[in-house]
Structure formats: structure tokens, C-alpha cells
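K.L.:
The primary structure of each chain is shown beneath.
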Amino acid sequence: MDGTDLLQGTAALVPHLTVITTGLVILVLDLFLTSRSRYMNEVVGLIGLVLAFALALGQAGDPRLLFSEMAIADNLAVFFHALFVLIAILTLLMSASYIRRENIVAGEYYALVLFATSGFMFVASAADLVTLFIAIETLSISTYILAGLHQDEQRSQEAAFKYFILGAFSSAILLYGIATVYGAQGHTSLVKLAEALGENDIPTMLIVGMGLIIVGLGFKVAVVPFHMWVPDVYDGAPTAITAFMSAGPKAAAFAAFLRVFFQGFASPALAQNWIPIFVVLAALTMILGNVVAITQESIKRMLAYSSIAHAGYAFVALVTLDQLGAASVLYYLVAYALMSLGAFGVLTTVAKRGERHYTFGDYAGLSSTNPLLAALMALFMFALAGFPPTSGFAGKFYIFSAAVQKGHYVLALIGVLTSVISVVYYARVVMMMYMREPDLSSSGPYVSATTGTLLGVTAAGTLFLGVFPGSVLRLAEYSVNLLFAS
Amino acid sequence: MIPISYYLMVSAILFIIGAIGVLLRRNALIVLMSLELMLNAVNLSFVAYARLLNDMGGHVFVFLSITVAAAEAAVGLAIILAIYRAKQTIDVDHLSLMRY
Amino acid sequence: MEAFLFWIFAIVGVFCGGMVVWHRNPMGSAIYLVVTMLCLSGFYALLNGALVSVIQVLIYAGAVMVLMLFVIMMLNVQAASEEREGSLPVWIGAGVVGLVVLVKFALLLQYGKPPEAAEEFGTIQGVGAALFSTYVLPFELISVLLVVAVIGAVILTKRRAL
Amino acid sequence: MDVLIILIKAGLVVFALLNLAGLLTWAERKQSAIMQDRVGPNRANIGKLTLAGLLHPVADGIKMITKEDFIPEGANRALHTLAPAAALFPALVVFAVIPFGDTLHLFGREIPLQVASLNVGIVYIFAISSLAVYGTMLAGWASNNNYALLGGLRASSQMISYELSIGLSILGILLIYESAQLDVIVQKQGELLWGFLPKWGIFLQPLAFLLFLGAAMAENKRAPFDMPEGESEIIGYFVEYSSMKFGMFFLAEFVEIIIVSGLTVTLFFGGWQFPYLQATGFVWPFGWGELALPHLFVVLMQVGTFAVKVLIGCWILLLIRWTLPRFRYDQIMRLGWKVWFELALINLLLTAIIVLWVT
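Residue numbers (my numbering), protein chains in the order written: chain A, 1 to 486; chain B, 1 to 100; chain C, 1 to 162; chain D, 1 to 359.
One should not assume that every hint holds.
[Said to hold, decoys possible] Across the chosen pairs, the derived CB separations fall in these ranges: (1) C:12 <-> A:37: 26 to 34 Å; (2) A:482 <-> D:354: 43 to 51 Å; (3) A:101 <-> D:346: 24 to 32 Å; (4) D:147 <-> B:85: 17 to 25 Å; (5) A:359 <-> C:159: 27 to 35 Å; (6) A:280 <-> D:350: 57 to 65 Å; (7) A:34 <-> D:77: 34 to 42 Å; (8) D:77 <-> C:88: 23 to 31 Å; (9) C:159 <-> A:353: 20 to 28 Å.
[To be verified] As a list, the in silico DSSO-like pairs of lysine-lysine whose alpha-carbon atoms are at most 30 Å apart: (10) C:158 <-> A:192; (11) B:87 <-> A:352; (12) D:30 <-> D:63; (13) D:188 <-> D:199; (14) A:406 <-> C:113; (15) D:199 <-> D:63; (16) C:158 <-> D:338; (17) C:158 <-> A:352; (18) D:48 <-> D:67; (19) B:87 <-> C:158.
Keep in mind that the hints were calculated from the coordinates and are not lab data. Quick reminder that beta carbons are idealized off the backbone N, C-alpha and C, glycines included.
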């Protein structure tokens, strides 16, 4: 590895570095800000992220291996980078008024969001299990801290603790899996793994390692039965961070799944070992997530279970191991990120200061106190339930058709049935908002300009993706092309 | 010469012990220590495999994973301290959210 | 000699590892964990990993566990719980499950004796060359992780003026 | 046979360390007496024989062993007993990698005058000395005494803080001599700079020397850094110890003085190198000729040089201890984190740049 390699590698990682640098700048800048100039945090963060977005798009092109095959720059990475930066931008918009209201330290908060984002980006561009592990750890540790940042709330600290224990537990399992794969193969490169496993016999230890990796990553995606941390953590964390967690780390974990299983362990001999496992996991996740969500009294917890269920839908696409499946995962991640951030955005405004108002009752009569907000919430609920013409419908449509094409009829059937079940609890929110009388003793929710922007963008995105699904799907298909080139 | 399998067996035993500790213990500090035990066990695997393969990569992974473990320990202890200040207990059962 | 040391380390290490999980008092657990880590360091030395062996002592025993002891002392939690946490059947059940997994794993393991170690295997030079050429990206990436950990440790424990 | 030689060397080193530590207790009392215009210890005797108080360490030893070994109520017996051993052990084993002479050729064998030549020598020293903190922490915790606990916390946070500066200041040495093996480092210090100046660490890394010495004294917990257990005013972590357990803490402190001195000499003052003395004899600079010496004589001279340097180092440490007033605790921590640490970092950075530029 000589100087030019180093320079080329660094050039390909410029989007990541931009995000990291922005985080560091905010960290230092925050020390010099007074309470009146505090908005500079958001401004600097947005500038950095928009720059990173542009730079990330500029990386599109032929796949290149960087840093002695530790990282890869290809279109899949570009797609994910754009998604992650978008999620970070939306999170920033949501947080701007939120953290001021909840009295959360601003500089560190934004810096951690940005560092976590850089972790997501490194996951997407990892070409080696080691890079993947370090990147996952970076994003995990950032999110543990973010979950505990609401220092006036004990629940926040407890959420951080629970997240930390189970996250670290899963990291240890993931690392053990990586060690076993290393022992069986003699290296940890995902690229070489794919080549080496073409024809040869599969060593048993490799399958053991693969199983451990599934468990480790399964915790991060929160598929059933590795989901038990999600409800409590999502419930206790600051709402803006819950939104971030439901979109970012989840998408990053799916990026890891794509990299490891569609790129590394994709050979047919190996795939026949993991596809059945994935089928079972996906089915369990969809059933449990949707059924338990019905029983929830808090909308925040309901959305937590809904996020588990949606991970299940995306998981269905992973069992196909073909281009349409991979592309529909990407599409679904974008769609879900927008819906989820939008829904949580509404939650932050209705929750009011101190974050106490999460029950269904708090949404009674929202249509009369704030009709626009109610309409947006209804849109997000319909999108999450999968009604046309929203992105939720298109996403599920692609996923289930990909599953049917590969002969997974049962899985598709379970998906459709559970989607029908899910209408029950999403519709309950809408009914609350439109059918009940408001509690007039308290003032209506206050929507700040930044939160308004966020809601507008996410709603527009949800509708756009639903009406013109082809646009993003084509991009997604283009991005995953190379995984199936051979 | 001891076969590498023996080392891997010790590593697996320690890993399982650590996992049992994480799942069954209720004292937050001991849970954290069990986590460290698990990471240590993985490191032993890495070193054993590195010796088997005659490859320095394994040692580098140990390096990185030790750093990760140190970072995790620092953050974990900070969270435990914060919880202790608020509730005067580190018993996992006394935390309202903590029902596995 | 190697076999003798291996069995010493293995027995002491596994026993102390078990005590970490079994001991009632966090302080006791911590001391047992330190001993386990020293045993692992011994294993690394047996496996020609001179540098990792010393680093294991330096970072784990010398820094991480010291931090842990420090927190235990600061909280000064005396022998926390009087009765054993969790019921005995649960522990036995977990033990049996663990044992079954271990036996399965043992049957799969078929790695024999290691080859002769290469010239610079495990030395500072060997590890350093790998760390700063092939693995330079993960190594740099770790720095982000450390910054995050520092921020977290500071921000989570800081008492704020309300 | 090889094992036997190593055991003999290790035995000799431990023997020398423990005896020197005993002697140092006497030297410290005499030194303080001289500085304070007193007579110092002079009473212990066998008949008329007092040996200028040299019998006091012996008497102290007898006293320690015969005193009641007391464990306070409610203390953790096992850890209370473990703590002094945990304090003394690292101090004794650090010396294993310090070379006290060049290779000795005897009866056709090559005997390196060093217990163990480790490839990771310096890292080994970091590792072992980082274990020293367990002794203080355990002693403070296991005594079931709030003052001891606070003392233990003070001591351990001080030790942790200064450990960083020690490590960083030594890294400069590592960069310059391009090895972590202490025998190689000493070997390279025998080379000459500009033809006449020995390449000792102090000439190449003067700042690192000061930082190392200061931080090492703080590690050692003696005045001016004796906040953890300032004998006269502040109750420290081993307040609940008596008898030989106390003696072990006391001994560890004095062994650590020798360690600090030995490390300073090895890293910064050329170890066993006598200026211009090569393996064959003296080679004077500026082409002033040579003076051949027999091998055994050269080796003896090297070992003697090392011993003298270490003794001078110990003496200087004693002088410092009796000269400087004590820091306040917040001053110690501020100095450690806000001055020492930064200076060490800057030193390392500058060294790295210069080394890169020169090569």
C-alpha cells in the first residue's frame, strides 16, 4: 500500500470524512456559542450534511476497492450514503426545536448524531468484516449515548442502559462469529469470501460463524426473537432519537445484511443454509410485531412494535437473494425512513414539554385543534399501514412480488395478512384524531418552523414515492446491479 | 504442542459463561463484567486462529476489539453511574423499564 | 512445559471466569475477572503473541478493570444482594444448555497443532506492519469510536446545573 | 542449565532490590537528618556496635515481623491480605527487563546480564506498572474504613492520571532508538553523537526526561506528590495495616524508588554504558587512541557503572523528597492532566516529526 492508494482511498471516503469533520466542528463550535447564537449548531450541521450528500452522489461509478480491500466504493454504497445523510438531515430538522424544549445539550447531541451517521456510512462501504464491525460499534455506541441524553428523565437513562447491555451482548456474538469465519477462511474479506466459496465444500465452522453473525446482526435489526430491547429503548429514548434509531441504525443493519449475505455469503451452497433461517425470522417478526402492536396504549410503544414489524417486511425481501429483492429492500428502507421520521415528528410536537403525552387519548380531536397536523399524521399512518397511493403500499408490493417470484408464497401470504392486522392499530390513531372531541383544557401542539419543514418534506416524499415508485426503484436496481453481476 | 482446538474450547467455555452472566445476573456492574468476559473470550479465539493460520490479522483484530471493549466499558460505566445517581441502585430489577 | 502452563491457565481461567458470574459481590467478581484476564494473557504468550499478551495486561487489567474497580469503590455498593439472584433451577438450566452447546461445538472443532510460527509473528514489528498497512482503515476508524466514547463518558456523568 | 542461569539472575536481582530498599530506608532517614541538622538514627546496636544507624533497618524488620497482624472488623479478609502483595509484586518484577550489564562471556557461554530480554520490553514495563494501582485500590477498599477508601481513591486516580504521561514520555525514546527492547536501547545509547557526545536519552529527549521523572515520582506517591498518604497529616489507604503487611507497602514504596531510578538510568542515562567504554576497552573520541581492557574487567565496570548511576538516582530522589513542599490535591490533578499530559503529547509529536525528517 503506497501513497497513491492512500490518496485514492481517502478521496473515495470524502463523504464520510465530511460528516465526521462537521461533527468535530460542531463539538468545538458549541463551546463558543451563547444561547442566542445556538442555532449555529444546526446551520453548520445542515451545511456539512448537504455537502456530504453532494459529495456522496459524486462517488457513483464502477466499484473500487480501497485501503487494501478494507472498504469498497460502489453504487450500493452511494445509495446508502445518500439515504443516511438524508436521515441525518431530517433528524437535525426534527431536533432543532425539540432539544431546546427538552433542555438537552446541543453540541454533543449533534456531534453524536453525525458520528453515528458516519458509522452508518462506513457500514455501507465496508468490504471487510473488520471494518464492518468497527463501523457497527461506532454507530451503536453513539446511539447508546444518544438514548441516554435526556438527563432529566430517568427512563432515558434506563433505556440507554438496556440498549447498551443488549447491544454490547450482540456485538460480542457478532465478533465471535467474525472470529469463527476468520478461523475457517483465513481472512475476513467479504470480496474474497465470495470468490473462495464458489465451488468448494463449505467448512462446518464457517456455517457456525455465519449463524453467529446472523444472531449478532439480527439484534441490530431487531428481528424476532432478538427484538426484546426495542419497545423499552424506543419508549425511553428522547423522541427525536427514537425516530433516528428507527430509521438510521436499522437501515445500516440492513446495509450490513446486504454486504455480508448478498456479497460475502451469496454462493448457492451457503445460501441454502441461511435462506431457511431468514424465512423463519421474517415470518416471526411480521407476526409478533403486528400482533403485539395492537395491545399497546402508548403511541410511542406502538410505533416501536410497528418498527419491528416493518423490519420483518424488509426481511422478506432478503430471502429472495435476487436483484428485485435487493432493490425492494432499498426502496422500502427509504420509504420507511420517511414515514417513520414523519410520524415521530408529529409525536414530538404532540408530546409537549416533558414528553408525557404519548397515549392514544392525547390525540383525541387533533383534527379540530390542528387539522394540518392531524392530516399529516393520518397520511403517515396510512403509509405505515400500506394504503395506496403512499410509499408504504408500493414498498410492500415490490417486496411481496419479489417473494412470490421466488416461490415464497407462504411468506408473502403472512405479509399480506399481517398488513391487514396492522390496519387495526394504525386506524385507531386516525379514529382518535377525527372521531373524538378534543380535550380543550390544554393548548394545542406547537409546531416550529423546522419541524414543519421536516413534516412537509417527509409527507411530500411519502406521497412522491407512492405515486412515482419507479423513480427510486430504478435507482435502487441500478445500485444493486453489481452484486449480481457475475 | 497443544492443539489449537483446546484453546478454542477454553474460549468457547468462557464465552458461554459470560453469556450466562449477562442473561442471569441482576447487578449492573456484574453484567458489564460478564460482557467484558465474553469479549475476552473472543479475543482468545482470534489469537488462537492467528497462530493456526500464521497470520498477523488476528492480532490486529484483538487490538481493535480491545479498544472497542475499553470504549464500551467507559460508556457502560458512565450510564451505570448516571442511573445510580438518579435511583441509588444498580440492581437491574429495580429499574422500571428493565423487564427482559 | 507448554502443556503444563496451558492446563494451569485453563483451569484457573475457567474457574475464575465462572466465579466472575457466580460471585455475589461486584468487588469479588472484578478481582476474579482480573485473574481471568491475566490467564488469557498467559494463553496469548503461549500462542507466540508477545505484544497482544502484554497489551491485554496493559489495557484490560491495567485500565479497563481499574476503571471498573474505581466505579465500584465510588458507588461503594456493599455485598449487594443477600440471596442468590435468580433461582437455582434457572442457573442449572442455563448451565445445562451451555454445556450442550459446548459439547456440540467441541465435536465440530477439528483444528490440530499449529505450524511453526513465522519470524516476526506476534512481535511489535509484525503487528505494527499489519496494523499500519493492511488494516490502516479500521485503525483510523477506531479513533472516531474513541471520540464518541469520550464524549459519552463525559456527557453522561456530568452533573448539570439546572 | 539455561533455566538455572535465569533463576540465578532473577534471584540476584530480587536479592539486590530488597536489600537496597532496606538500605534506602536508612539513607532516607540519614539524609533527612543531615538536611534538617539532626543526627538521625543512631541507637540500634549490638553491644557497642551501631554502624552509624545501619542496624535500624534490621531492627525495623524484626519489629514488623513480630508485631500483631491486625485485620479490622468488617473488612474483607481475603482482599485485605491480597492488597500488600499486589502492591509489592509489580515493583519486584518490573526489574526483570532492565539490563544491568552487557553480555558476559563465561566458560564458553554467552550470558546476557538481564533477566529477560523481551521484544516488547517497554510495553511490558507499562503493563506491569499499571498493575501497581491494584494494591492501593484494594487496600483502600478492603479496610472497611472511609478514610482508607478516600485515600485509595485519591491514590488510584493520581496513579492513573500520571500513567499516561509516563507512557507518552517514554514513547519518544522508543521512536529515537527504534526498538522497544531495553537491551537494544541501552546498546544504542553507547553510540556517539557528533563524534564525542554519548547518545544518551537525556541529550536527545531532555523534556521527556523531566516529564518522565516527574510523572514517575507521582506514580511513586512520595513528596511532593504524597497526597494519598501524607504521613504526618493525611490518612491514607494503608491506615488499617500493621505488621509485615504494612511492611510490604513500605517496602514496595522503596523498591519503587529503585525502579524509578533504574528506569531513568536505563532510558536516559545510558544504562550500564560508561562513556567511551566499548566491549574491548576504551575507545577515545577524536581519534585519541584506544585502551584495551580484559573482558571480565569491562563487564564488571559496566555493572559497577549501572549500580553507581542507580544509587546516585536514588539519592537525588531522596533529596527531592526532602526539599520540595507538598502539592495540593487539585494542583496534582491539574498538573497531571493539563500540563504534563499536553507537554508529553507535544514532545512525542515533535520527536516524531524530527525523526521523520532526519531519516
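K.L.:
So, for every hint listed, does it hold in this structure?
P.N.:
Right, here's what the structure says about each hint:
no., hint, in the structure
1, C:12 <-> A:37: 26 to 34 Å, "violated, 59 Å"
2, A:482 <-> D:354: 43 to 51 Å, "holds, 47 Å"
3, A:101 <-> D:346: 24 to 32 Å, "violated, 43 Å"
4, D:147 <-> B:85: 17 to 25 Å, "holds, 24 Å"
5, A:359 <-> C:159: 27 to 35 Å, "holds, 32 Å"
6, A:280 <-> D:350: 57 to 65 Å, "holds, 60 Å"
7, A:34 <-> D:77: 34 to 42 Å, "violated, 57 Å"
8, D:77 <-> C:88: 23 to 31 Å, "holds, 27 Å"
9, C:159 <-> A:353: 20 to 28 Å, "holds, 22 Å"
10, C:158 <-> A:192, "violated, 46 Å"
11, B:87 <-> A:352, "holds, 25 Å"
12, D:30 <-> D:63, "holds, 20 Å"
13, D:188 <-> D:199, "holds, 7 Å"
14, A:406 <-> C:113, "violated, 45 Å"
15, D:199 <-> D:63, "violated, 47 Å"
16, C:158 <-> D:338, "holds, 19 Å"
17, C:158 <-> A:352, "holds, 26 Å"
18, D:48 <-> D:67, "holds, 26 Å"
19, B:87 <-> C:158, "holds, 16 Å"
Violation of the numbered hints given earlier is confined to hints 1, 3, 7, 10, 14, 15; the remaining hints are satisfied by the structure.
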